[in-house]
Each structure stands twice: as C-alpha cells, then as structure tokens.
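Please work from the sequences and hints to get the whole structure.
Line order of the protein sequences matches chains A and B.
Here the first sequence is numbered in this note's numbering, starting from 1 and rising by one per residue.
Here the second sequence is numbered in this note's numbering, starting from 1 and rising by one per residue.
These aren't lab readings, by the way, just hints derived from the structure by calculation.
Source: prediction; values computed, not measured.
Idealized CB from N, CA, C, for every residue including glycine.
Please note that a few of the clues may not be correct.
[To be verified] Among the chain B residues that face chain A by a calculated CB cut under 8 angstroms, a handful are:
1) A68
2) R69
3) R88
4) L91
5) R95
6) F105
7) R106
8) I123
9) I126
10) D130
11) R132
12) M203
[As the list claims (entries may be wrong)] Label pairs and their calculated CB-CB ranges:
13) P153(B) - S167(A): 17 to 23 angstroms
14) L156(A) - P153(B): 48 to 54 angstroms
15) M203(B) - V153(A): 41 to 47 angstroms
16) L204(A) - M203(B): 49 to 55 angstroms
17) V142(A) - E93(B): 53 to 59 angstroms
[To be verified] Some chain A residues flagged as far from chain B (calculated, every beta-carbon gap over 10 angstroms):
18) P36
19) P38
20) E40
21) E73
22) E118
23) T157
24) R165
25) V172
26) L175
27) E218
28) Y258
29) P268
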Amino acid sequence: MVFMGALALAAAMMVDAAVDRWDRGLRGSLSVQIPPGPSEAAGEEAVARVLEMLQATPGVESARALSREEVGELLEPWLGDVSQAGDLPIPRMIDVRVQPGASLAVPALEARLREVQEGIGVDDHEAWLQRLIDYANAMKVVALSVVAVIGAVGVLTVTFTTLTRMSIHRSVIDLLHLMGATDRFVAWQFQSHAFRLGLGGGILGLVPTLLCLWALQEASAELGELLIPVPTLTPTQWAVIAALPLVTGIVAMLTARYTVLFRLARMP
Amino acid sequence: MQPQFDSPFAVTDETPPIVEFGGVGLRYGRGPEVLHDIDLALPQGSFHFLTGSSGAGKSSLLGLMYLARRPTTGSIRMFGLEVDRLSRRRLPEVRRRIGVVFQEFRLLDHLTALDNVALPLRIAGIPEVDIRRNVTELLEWVGLGDHLRARPPTMSGGQQQRVAIARAVVANPSLLLADEPTGSVDDHSAARLMRLFEELNRMGTTIVIATHNRAIVEESGHPELRLEEGRLTLVPGSAQS
Ligand SMILES: Nc1ncnc2c1ncn2[C@@H]1O[C@H](COP(=O)(O)OP(=O)(O)OP(=O)(O)O)[C@@H](O)[C@H]1O
Ligand SMILES: [Mg+2]
Numbered sequence: 001m002v003f004m005g006a007l008a009l010a011a012a013m014m015v016d017a018a019v020d021r022w023d024r025g026l027r028g029s030l031s032v033q034i035p036p037g038p039s040e041a042a043g044e045e046a047v048a049r050v051l052e053m054l055q056a057t058p059g060v061e062s063a064r065a066l067s068r069e070e071v072g073e074l075l076e077p078w079l080g081d082v083s084q085a086g087d088l089p090i091p092r093m094i095d096v097r098v099q100p101g102a103s104l105a106v107p108a109l110e111a112r113l114r115e116v117q118e119g120i121g122v123d124d125h126e127a128w129l130q131r132l133i134d135y136a137n138a139m140k141v142v143a144l145s146v147v148a149v150i151g152a153v154g155v156l157t158v159t160f161t162t163l164t165r166m167s168i169h170r171s172v173i174d175l176l177h178l179m180g181a182t183d184r185f186v187a188w189q190f191q192s193h194a195f196r197l198g199l200g201g202g203i204l205g206l207v208p209t210l211l212c213l214w215a216l217q218e219a220s221a222e223l224g225e226l227l228i229p230v231p232t233l234t235p236t237q238w239a240v241i242a243a244l245p246l247v248t249g250i251v252a253m254l255t256a257r258y259t260v261l262f263r264l265a266r267m268p
Numbered sequence: 001m002q003p004q005f006d007s008p009f010a011v012t013d014e015t016p017p018i019v020e021f022g023g024v025g026l027r028y029g030r031g032p033e034v035l036h037d038i039d040l041a042l043p044q045g046s047f048h049f050l051t052g053s054s055g056a057g058k059s060s061l062l063g064l065m066y067l068a069r070r071p072t073t074g075s076i077r078m079f080g081l082e083v084d085r086l087s088r089r090r091l092p093e094v095r096r097r098i099g100v101v102f103q104e105f106r107l108l109d110h111l112t113a114l115d116n117v118a119l120p121l122r123i124a125g126i127p128e129v130d131i132r133r134n135v136t137e138l139l140e141w142v143g144l145g146d147h148l149r150a151r152p153p154t155m156s157g158g159q160q161q162r163v164a165i166a167r168a169v170v171a172n173p174s175l176l177l178a179d180e181p182t183g184s185v186d187d188h189s190a191a192r193l194m195r196l197f198e199e200l201n202r203m204g205t206t207i208v209i210a211t212h213n214r215a216i217v218e219e220s221g222h223p224e225l226r227l228e229e230g231r232l233t234l235v236p237g238s239a240q241s
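Quick look at the structure:
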C-alpha cells in the first residue's frame with residue numbers, strides 16, 4: 001500500500017518538477033528558421049545578417065546558428081541521412097537564448113527578419129509548450145487522484161488492521177483497567193506499540209519504492225541530455241516520500257488510542 | 001515478607017468498613033436479577049469466605065467490590081468512599097488498593113511470570129529496580145523461583161494460580177479478593193496458600209475468598225458470607241477472631 005501510494009506520489013511530484021523545468025527551460029528560447037535560399041552563399045549571408053540583427057535586438061542573450069550537420073541531425077528522423085543527399089537544400093536554424101525576464105514581441109521580430117529574406121519564421125515554442133504543460137498537468141491530476149485513493153485505502157487498511165489487533169487485546173485492556181491503570185496509561189501501552197508497528201510496516205513498503213525510484217532515476221540519467229529535461233525529484237520531495245511511514249505509524253497510533261479509549265469508556 | 005509500599009495501617013474502631021453494601025442489587029443487561037438487596041459491611045482487617053453453589057453470584061459480588069461494574073440498585077462504599085458518586089477519574093486510585101485473584105486467572109500469555117506479577121507495580125509507577133527485587137522475592141516465596149521467565153501457557157494450572165496470587169498481592173493491597181484461589185491446587189498447596197492469606201491478613205489486609213472448599217472454610221474458622229439464589233447471609237466464624 002505504501003509502495004503504490006509512494007510511487008503515485010512520486011509520479012505526481014516528478015511531473016510537477018518536469019513541467020516547472022520545461023517551462024523555465026523553453027520559455028527562455030526561440031528558434032529562427034531560414035528557408036534555403038537561391039544559393040549557398042546567399043544562404044550564408046542571410047544567416048549572418050539575421051544573426052547580426054538578433055544580437056542587436058534588446059532582450060536577446062545570445063544567438064547561434066546551427067551548423068548544417070546539426071540541422072541535418074534534427075531532420076534525420078524525417079528526411080533520413082541528409083549528408084548523403086549532397087547539396088539538397090536544407091533550411092538553416094538559429095537558436096536564440098532570451099535574457100531571463102525579458103520578453104520579445106515575436107511577430108514584430110519575425111516581420112523585421114523577413115526583410116532579410118522571405119519566409120523566415122520565428123518559433124517561440126509557446127503553442128506546443130502550452131499543450132505539453134496542459135497534458136502534464138492532466139497527468140498530475142490523475143496521479144494525485146491515485147495518491148488520494150490509495151491514501152484513503154491505506155488509512156482504512158491500517159485502521160482495520162489495528163482494530164483487529166485491538167479486539168485480540170480487549171482482555172488486556174480490561175485487565176489493566178481493573179488493576180487501576182488510568183485510561184492514559186492503558187492507551188499509551190497500545191498506541192506506542194501500534195505506532196511502532198505502523199512505522200515498521202510503512203518502512204517495509206517504502207524500501208521497494210525507494211529502490212524503484214532510484215532505478216528510474218539512474219535509467220533516465222543514462223538517456224543523457226535530451227530536449228526534454230529528465231524528471232527527477234528534489235530533496236524535499238524525497239523527504240516527503242520518506243516520511244510516508246510516519247503517516248502509517250500515526251494512523252495506527254490514533255486508531256489504537258481511540259479504540260482503547262472507546263473500550264474503556266464503557267467500563268465504570 | 002511482603003513488599004511494603006503503603007504507609008503502615010492502623011486499626012481503630014473509627015475506621016470505616018473497607019467494604020459497605022447498602023441494598024445492592026445486580027442484573028446483567030435485561031437478564032434476571034443475580035444479586036438481591038445485599039447489605040454488607042466488612043471491617044478493616046477482617047477475613048471472610050464467600051460461599052454458595054455454582055451460579056449463586058459469588059463472582060458477581062466480588063466484581064462489584066473490585067469496581068468492574070456498577071450495581072443496578074443500592075449503594076457501595078469502599079474505603080469509606082462512596083464509589084457510586086466518585087468521578088470516573090478517581091476510580092483508578094481506589095482500584096489500586098484492591099488485589100484480585102480472578103477465577104480464570106487472567107494472566108497475560110505473552111508476558112513472563114515476572115512481568116505478569118510486575119504489572120500492578122508498573123501501573124503504580126514503582127521504579128524498575130524495586131520491581132525486580134520485590135517480584136523475584138515474591139515468586140520465590142510462592143515456589144516459582146525457577147519459573148521467573150516462564151510464560152503462562154507453559155505453566156501448570158497450579159503454577160498459573162500462584163502467579164495470579166502473587167500478582168494480586170504484590171502491590172500490598174488493603175483489600176484482597178480471591179475467586180476460587182485454591183481451585184487448581186492439591187490440598188497441600190491449598191493449605192500453603194491459606195497460610196499466605198492468613199499472614200497477609202495478620203499484616204492488616206482485609207480478605208474475601210470465594211470458595212467451594214468446605215474443608216478450608218471449616219478449618220480456618222473465619223466467618224462465611226453465604227450466597228443462596230442471590231441473597232446473602234452471614235454465618236459467624238467458629239474461631240475467636
Ligand atoms: N457477564 C455476565 N453476563 C450475563 N450474565 C452473567 C454474567 N456473569 C455472570 N452471569 C450470571 O450471573 C449468575 C451468577 O454468576 P456468577 O459467576 O457470579 O456465579 P458464581 O457464584 O461465581 O459461580 P461459580 O461458582 O460457578 O463461579 C449466573 O446465573 C450467571 O449466568
Ligand atoms: Mg465464580
């Protein structure tokens with residue numbers, strides 16, 4: 001139970017972290033596409049002029065033209081190996097970093113650049129980024145719902161397990177009571193024990209979870225630098241997951257406490 | 001012999017009865033009345049047997065004395081306190097002055113003999129060192145020195161009974177209630193247990209023992225509370241007590 005709950009919680013938190021970083025990572029960048037010109041030399045010149053203009057634009061941190069090889073790599077999934085195609089005209093791309101906090105008027109920029117050459121496009125990733133974020137947020141809602149359901153089931157499970165154990169101990173409760181133990185004393189005997197059991201159970205469930213998450217992070221680290229940042233958990237999020245056994249412990253403790261007090265209240 | 005935790009007692013004529021019942025009736029739920037109109041006063045330091053056939057209500061009467069339930073009618077005073085009027089929070093301290101040997105022992109199976117007997121002392125918050133010393137001494141005295149670490153399920157009925165008795169007396173109660181304490185032991189052990197009770201009584205403990213064992217009752221000469229169909233009559237003892 002803890003295992004599944006922790007995984008779902010981790011998933012939700014990972015998506016959250018990823019969305020945040022995609023947002024930050026991509027909002028700071030634009031890309032400019034220059035369609036292939038009449039000749040290679042003209043193309044190079046267009047690229048140089050566009051770069052110049054971009055660097056003179058306020059708010060732009062840096063602008064870098066991707067080499068033909070880099071563009072080829074980007075296009076490879078669609079066009080196959082471009083380098084084999086000789087001088088197939090391919091578009092040129094410029095990767096622009098925007099200063100943090102600055103915002104560029106994309107349409108105006110596009111209009112100015114089009115004076116250099118027809119058909120130049122500026123893409124600020126806004127549209128697809130927004131769709132990605134919407135999608136991720138939906139995933140987050142699903143994961144959080146799973147967390148909520150598993151959490152509720154988990155709380156009920158711990159509650160009922162504790163209740164069952166307490167019914168076995170009814171005679172002990174009665175005996176301690178008859179010997180003159182105060183309600184507090186009797187409740188304490190059971191709630192501290194229940195807390196330890198709940199905590200232990202939670203830790204047992206947590207170990208495979210942590211192993212899974214760790215394996216997941218290792219695996220994604222191997223994928224290396226991708227356009228989309230690899231989802232990871234922050235130390236705080238790790239702490240939240242590690243604290244789950246505390247929750248099971250406390251639920252068990254409170255159940256034991258109130259079962260005992262309820263039982264005791266029936267006796268004079 | 002006995003561990004002493006209470007202040008020394010003093011028997012005077014003004015001391016109120018340890019147990020005082022006035023017109024007590026008891027029924028379980030909607031069942032028939034099990035005890036009818038019981039009047040009773042047990043002076044401090046007294047020793048009574050409680051007799052009656054099976055189902056006469058002996059255990060029920062003792063249960064009222066150790067505050068397991070409240071009477072359906074009538075009033076009960078313990079140690080001069082009107083326990084019916086006492087708030088629930090004050091009852092634990094009254095219960096701690098009462099030692100009980102339950103008919104079915106009620107030992108905790110998962111605890112050793114030592115820990116079972118130590119229970120009343122732990123409840124009273126006695127330091128652990130004192131607990132060890134007193135409990136070990138007491139268990140040796142009831143002949144269970146070799147069984148300190150044994151758990152009840154591995155002990156014979158007679159051994160369990162002695163653990164139950166040790167637990168009832170370990171905190172030096174003012175009132176000792178024993179329900180068939182000689183039921184599971186042979187005559188020799190029964191006589192030995194009786195000597196333990198006599199000794200506790202000499203040290204001031206008020207004692208009530210429910211029993212079917214006529215021989216013990218006759219031999220001791222203590223007065224007898226006789227229950228017949230839920231009604232109580234007092235049969236004075238033969239001894240010059
Ligand atoms: N918890 C209970 N609920 C309902 N009825 C009970 C309960 N305990 C005892 N009784 C009833 O009260 C009556 C007296 O029982 P009690 O146990 O007091 O008798 P007893 O004299 O101790 O008998 P024994 O010598 O067999 O121990 C019996 O009719 C019994 O059925
Ligand atoms: Mg009985």
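Mind listing which of the numbered hints don't hold for this structure, in increasing order? Of the numbered hints, 6, 9, 10, 11, 12, 14, 15, 25, 26, 29 do not hold.
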